[in-house]
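Here the protein sequences come in this chain order: C and E. Residue numbering for the first sequence follows our numbering, beginning at 1 and increasing consecutively. Residue numbering for the second sequence follows our numbering, beginning at 1001 and increasing consecutively.
Just so you know, these hints were derived from the structure itself, not from any lab. Check the hints yourself; a few may be wrong.
[To be verified] Some chain E residues judged to face chain C by a derived CB distance under 8 Å, without partners named:
| # | residue |
| --- | --- |
| 1 | Ser1176 |
| 2 | Ala1178 |
| 3 | Ala1184 |
| 4 | Leu1205 |
| 5 | Thr1249 |
| 6 | Met1252 |
Bear in mind the structure is a predicted one, so any value in this text is a computation, not a measurement. Beta carbons: idealized from backbone N, C-alpha and C, even for Gly.
What follows is each chain in one-letter form.
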Amino acid sequence: MTARTETLRPFSVPDQYQLLRWMSLLALVVLLVALCILSIAVGTREVTWQEISAALQGQLTSVGEAAVAMRIPRTLLAVIAGGALGLAGAIMQGVTRNPLADPGILGVNIGASLAVVIGLAWFGMSMAYAYVWTAILGAGVTAVFVYTIGSLGRGGATPLKLALAGAATSVALSSFTIAVVLPRNDIAGGVRSWQIGGVGGATYDAIQLVLPFLLVGLAISLLSARKLNILALGDDLAAGLGEKLVLARGTAGAGAILLCGATTAACGPIGFVGLIVPHLCRLLVGVDYRWLLPFSALSGANLLLLADVVGRIVARPSELAVGVITAFIGAPFFIWIVRRQRVREL
Amino acid sequence: MSTGQISIFDRVIQGRQRRTRVWLGILAALVVILVTGMAITLMLGQSFTPPQDVLRVLMGENVPGASFTVEHLRLPRAVLSVLVGMSFGLGGVAFQVMLRNPLASPDIIGVSSGASAAAVFAIVVLQLDGAAVSVFSVVAGLGVALLVYGLSHKNGVAGTRLILIGIGISAMIESSIAYILSRAPAWDLQEAMRWLTGSVNAAQLDQAWPVLVSLLLFGGVLLSRGRDLDTLRMGDDAAAALGVRVTLTRVMVMVCAVSMIAIATAVTGPIAFVSFLSGPIAARIVGPNGSILIPSALIGACLVLIGDYIGQFLLPSRYPVGVITGALGAPYLIYLIISVNRRGGSL
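Isolated chain C, as found in the complex (with noise of 0.2 Å):
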């Protein structure tokens, strides 16, 4: 009898299984740990274990600590960006049912940057929420615009036809940005370095001002986990399983474009990381939202900052932004989904 009820659960997985998730669930946190001591230990210069300790302790006397208590934000900023994009990614990748979702892919960090840029530029925006308000305004545009245009015609949004509608779209907003960006001499260092993509500019202020936001977008996308179950059966399936499948994309939606529209504005637009973070996630634990998507921002955190120490590390006495790192990890792993893909599918 109870064998019976085990075998009609959706998702149920044996015990083994179950004990792998946890463990590799509890391997990522050891490894973010690992890996955000790592991001404050390494970067240009050298510094020892004392200054370290005085530095998380509040002590700014040396130049080592006071290299150190910049490193904080940059590994904190680090760690909800590349979470916010993972998650994002995976959402994404859920709500389009494509392979090749990602929210550098399809536009929609291109989008987010060119909102603010306007912003900048033309309402002369300094209140620092209405960046953020802005991001995920232009964020949400271009993701509806783009997928229009992608599912437009036979078979849906294919993932060919979403890639090259995001292609489209990334290239001619990233000629409008810099056609309002030029002009201005103004603006243009700040949004070069900007749009790049990287930490390394990270306050405790801007932190926490696209913290809520973040926050809001976690929780709408952990709650959507199993609509985006249910999508993963089909359309006609999950619409006769009493799904309303317009509101289950729209919220989930929503929750993906708040989190990459608030994390374009504290870093810029980094791309690939939603793309890798949850394919390799789904080798991990399978295809259950419910437990891809704590896995995917995770992982991205566990990416994002593991590109950042790396960009720090291989340029010294410079760095190498993060965003050209990930476009270096991700560029080959989209061409070996795409290579991995049947023919017919693409």
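Since the structure of chain C is already known, use the hints to place chain E on it.
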């Protein structure tokens, strides 16, 4: 019976002659537009130079007040615009025809940005100039083309896979351009624009020579293969049946098109979407009336020339030509995707 046959032959011949006349007419119209465009760019900039003065400067006379403007500012720009525009237009359409897909143009699948990245690397990091930069660009362009082609080879090359892989590769290359530029000792926004979106701002007349030579050499080979290339539009099997050596044609076309584009890119950067736009515009204008290779080259030249003029003078502030062609081309790309999706076909 026999009269009927003769009249069919006559009709075929007449039709062919009519199409040739239409084709020549289109060619003439494009040349007229191009020459008018050049005349306007030479005469009208920040100040107006009368046509007779422009002519005298072009004849080599020294005209006070006009010589510097026309000879050193406007002429190099116009000449370079036309030459790189032709290179991009012809190279782009060769790719599109060869791969039978308007999206398979060098600026979408990463060949142009690869050439640009190599040029930036050669200039910023290795501090080379002149021909060495062109060599770097050509090698990198060919490398990227081979890489994209090779990676998309899996049970035959599928057009869609090639395009997606190209998009991935160009994302990687563009971020490396941004990185190299961010490490350049003297950061210059104009310079950065040139390598990211393309610009003729720093045009000098001696830069035009390599582009002209490559246009004549590689463009000549491409045009001599024009008939084969047009036959390839019918598909590999049909082309082979009609006596085209498919692989040979493909290799020659790829080498020539990439070299042309890379040499032009080494001078002006990858002017956004000129390669992508020229072919489809030419195909739409020419229709079934003949080859689209030469019309595409002319349209490419018009796009760069006119785009640069708009960017310089017709907008509230000055923009490099790549921003203008990018802003024009991306909506067209979106339109292309929408219209193909609407018709229900696959891209």
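Hints, one by one, checked against the model:
1. Ser1176: Holds: closest Cβ of chain C sits about 7 Å from Ser1176 of chain E, inside 8 Å.
2. Ala1178: Holds: closest Cβ of chain C sits about 5 Å from Ala1178 of chain E, inside 8 Å.
3. Ala1184: 12 Å, violated
4. Leu1205: At about 26 Å, which exceeds the 8 Å cut-off, the nearest Cβ of chain C leaves the hint on Leu1205 of chain E violated.
5. Thr1249: 24 Å, violated
6. Met1252: Where the cut-off is 8 Å and the nearest Cβ of chain C is about 27 Å from Met1252 of chain E, the hint is violated.
Hint compliance for this structure: hints 3, 4, 5, 6 are not met, and every other hint is.
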